[in-house]
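Asks: Chain residues, written in single-letter form:
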Amino acid sequence: MIKDITIGQFFPGNSVVHRLDPRMKLVLTFIYIIAIFLCKNFLALGAMVLFLLISVLLSKISLKLIGKSIKPVFIIVLITSVLQIIYNDKGIALIEYGKFHITTGGVFTALFTTVRIVALVVASSLLTYTTSPTLLTDAIERLFSPLKIVKINVHSIAMMMTIALRFIPTLIDEVDKIMSAQKSRGADLENGNLVQRGKALIPIFVPLFINSFSRAYDLAFAMECRCYKGGEGRTRLKEMKLALKDYIAIFMLIAVCVFVAITNKLIVAPEEYSNILDSFVRFVL
Amino acid sequence: MKNENIVEFQNVSFRYDVSEGEEQLPLAINHVSLNIKKGDCVAILGHNGSGKSTLAKLSNSIITPTEGKVVVKGMDTNNEALSYEIRKTVGVVFQNPDNQIVASIVEEDVAFGPENLGLPREEIRKRVDDSLKAVDMYDYRHHESHKLSGGQKQRVAIAGIIAMRPECIFFDEPTAMLDPKGRKEVMDTVFKLNREYGITVVYITHFMDEAALANRIVVMDKAEILLDGTPKEVFENSDLLKSVGLDIPQCAQLAKELKKSGVNLPDNILTREEFTDSVLNLLGDK
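Protein sequences, first through last, are from chains A and B. Under my numbering, the first residue of the first sequence is numbered 767, with each subsequent residue one higher. Under my numbering, the first residue of the second sequence is numbered 201, with each subsequent residue one higher.
FYI, nobody ran anything at the bench for these hints, they're computed from the structure. Misleading hints may appear alongside valid ones.
To be verified - Cβ-to-Cβ under 8 Å is the rule here; a few derived chain A residues that face chain B:
#1 Arg-882
#2 Thr-900
#3 Met-927
#4 Ala-930
#5 Leu-985
Where is the CB? At the ideal position from N, CA and C, for every residue including glycine.
For reference, chain B alone in the conformation it holds in the complex (with noise of 0.2 Å):
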């Protein structure tokens, strides 16, 4: 069962609607198939526009396909009866924290999933506390929620999704609101969801050197799929990312460069750390 898919994108196109007498606007999601595998962490590159927001709405059938289906742990998400059981396998976590919690109080926004599913006190109580522990707020409990940081924010909002004990967690550009302290806190968090809870990760993203800590990419452009695989694979085709004006990482262009000009350094370096290493490395060589 290890290669079990947690939400299967079967030729999925999507179009939102316009009022009457407008031009029909292009497809957000054009003929998509991708298949997200349980326990992955994969993240979903592109611009603004490129349709990767869309799919995070599809994944637990809060907009339905055009054409096509999602199928989510076997579920359609066409079948709205089903809606329910979707919404507590797969959450998403959208980009504007403030817009995403509902209650004033810290602890009492992140019992609201719980609540909603109707479970015995004891239970949401252990719930919220374990869920708060696991983004690392649970010392801010009893705060204001309007009166946190952008990134704890965005960490009690995550709280509140994995407070409902989800199997996949989709992030809709959870850190393009915050500053670098508040994104590197949530960047923590979802990884550390992904490795210690085994909650499979999807994260849609424009930040490269965010992508590049996935273990795959997929790369959206024009409502397509691009380029899908490993962040080595995503990141070779440089020139097919700057083409649709995507960067590889910074470190990597910077060593790409200086291996062109004779520096002995290894292929494929991607993160800030490998680039670290390899140049410390050579100079230990010297």
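Here chain A stands alone, though its shape is the one from the complex (with noise of 0.2 Å):
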């Protein structure tokens, strides 16, 4: 189960979605999330998810791999869903059982959460798939690097990103033998209620802790001994230009954002969008 973690990891690959260059890449996904939130209808909604959608083909990561970074996220999208359907009393009422009932607005509004949610997650493990962790903490960096004016040390920060990101398998295959371990003497780690496997995690993550600073004594050792000294004067070995292709995407997407804010103010919120819908229903009725 462990084992299915994808957060943070790194497909390597050819496609042009790889060869984006990683700054262009994090300031897309970034408006992209901003976007999404700022949608108001099926239309403008639509867009974004077609524009993530050629994306994602156009980056040649299976989509067997695209659906495992959504399943952490799918109890959340269901209790949002189930929550909107219960709660939300707009429109007209297509079941009703006493106080009970579910409503076109609240399918619309659920139906809605759960586009914008996935769009999300997907659009953010596209650009950790897509994007190796030495590139991405790099683009960070540069994109971070106006703050040294305040005296934040942007390098470290991204140093420690680059390791963390680094480390993630490592230490998940870590916990995986502990686990193995402990159970082989006898720990209980499936059973009992919540406390009680709360308290079983204890003798997994103390040997981890330990480990875990063992591991970053060796580390600096071995950084010293490649003469690491802070990020003055580093080089790197890949170049960051931006190239006609990172104009192609961020033009796409500001093309995008642009129907967005036009649709919005044309065509009705989803509220009144469900209205339409309504007198349909009632049609059909």
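Build the complex from these two chains, which are given one at a time in their own frames, with help from the hints.
Replies: Put into structure tokens, the structure is as follows:
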């Protein structure tokens, strides 16, 4: 189960999406996430989803992996949808059962939120799937380098992120090993209530922490051996240069955003939108 | 200049610090003098706690001696201003490859050292490619390091050090955590670096058969040097070695026992190849 975690994982490839400038990808994702929350109608949302879909197809990342990235948020999506359906009483009722009723408004808002959350997760996963951690943190370092003026050590933060991302798989393996070791000594990790299971995790996290410290110690030695002395005077293996494809990508996203803004103005909000559909439902009934 | 020393340990002692109030630890290194000649291939042999790993850390100014001094190509490691130059000259590869790899992708990790040196991009590229080819990992350059086998990871770690073009590399038990296949891959790489690239190699180990392949063996026991000489010289003292819990290589032991019971084998058999050759010779004669 623990091996399913794909956060921050990178899947090497040579697609257009992989080759985009990491700084641009970071900015694109950021704009995309803001825009998806500003969408107020299905047409705009559809355009956003289409943009994402094209990006996913261009990246040649398998849809199975994309599906895996959505898995962890499935419960959140389910809960928000259920709450929306139960508590939103706009529009006409489809099912009524005493105090409990499902309305068209509820169903639409639930659908809207679900698409939003899924798009959000897929967009950010696509960023990490197609960008190597080093390039990603390099991009962060460069984008935030103006912060040096206010004495924030951007390089150190970026280096910490590189190392954190690098050690995620190593530590996952380690947790797996420790869990097996504790199980073989009779630790019960699967049964019992929440408190008992929480307590059972202590003998897993204590050795994990101790090992992490000794790893950190070793890594510090190894980094010193390789002449690491902070960000000053460092050069980079990989060049970052904005190319035509980067400009095309940002132009396309801006076009989609403009479309979102226009449709938001022109087309009615989802609540009112549902009114139109209400009349349709009434007509059918 | 053939006999130039690259690293000199001059009457070096080292004691690990403890927090206040605790009892002082014994010396990890006790007045050791040792010279490593340029181009040599030296094995340092000893049991856990014999002080052999401390030697590696002393060699490039990661720790500095409590007493005495370590001189790398005329540079004293006590002088902090020189530590950068010293680390460019002497590299250290540690035991656990997982804890030495900084970046997630193989080539990005190998680039870490040259990037720190502030080299121009083309030079970094060249060094990364050359280093990965030297350890036979070039085809894996775009792979994720955590998906490699132990032996492959350790070779990536070695590439990360040779990308800095050091003249000498200390290997601190580079094979201790590996399976037999990984051990062989790493040892082959180590000897290749010495023979083909002329890098001075010092490797710390507790495997006898690995030590037997070096030009010179230094045996450490209880923070001091016990024996120092060619493998043949060192393994002649099998009783002394046994008294400190070390054994001579299996093949040497077997040859010795066979000789004792009257089989006509030559002296000084150390490796499996030597053993099989002489047995085949013997059978051929009959």
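Asks: All the hints need checking, so say for each whether the structure fits it.
Replies: Outcome of the hint check:
1. Arg-882: With Cβ-Cβ at 30 Å, over 8 Å, it is violated.
2. Thr-900: holds, 4 Å
3. Met-927: Because about 11 Å separates A:Met-927 from the closest Cβ in chain B, which is outside the 8 Å limit, the hint is violated.
4. Ala-930: With a minimum Cβ separation of about 11 Å from chain B (threshold 8 Å), the hint on A:Ala-930 is violated.
5. Leu-985: Since chain B brings a Cβ to about 5 Å from A:Leu-985, closer than 8 Å, the hint holds.
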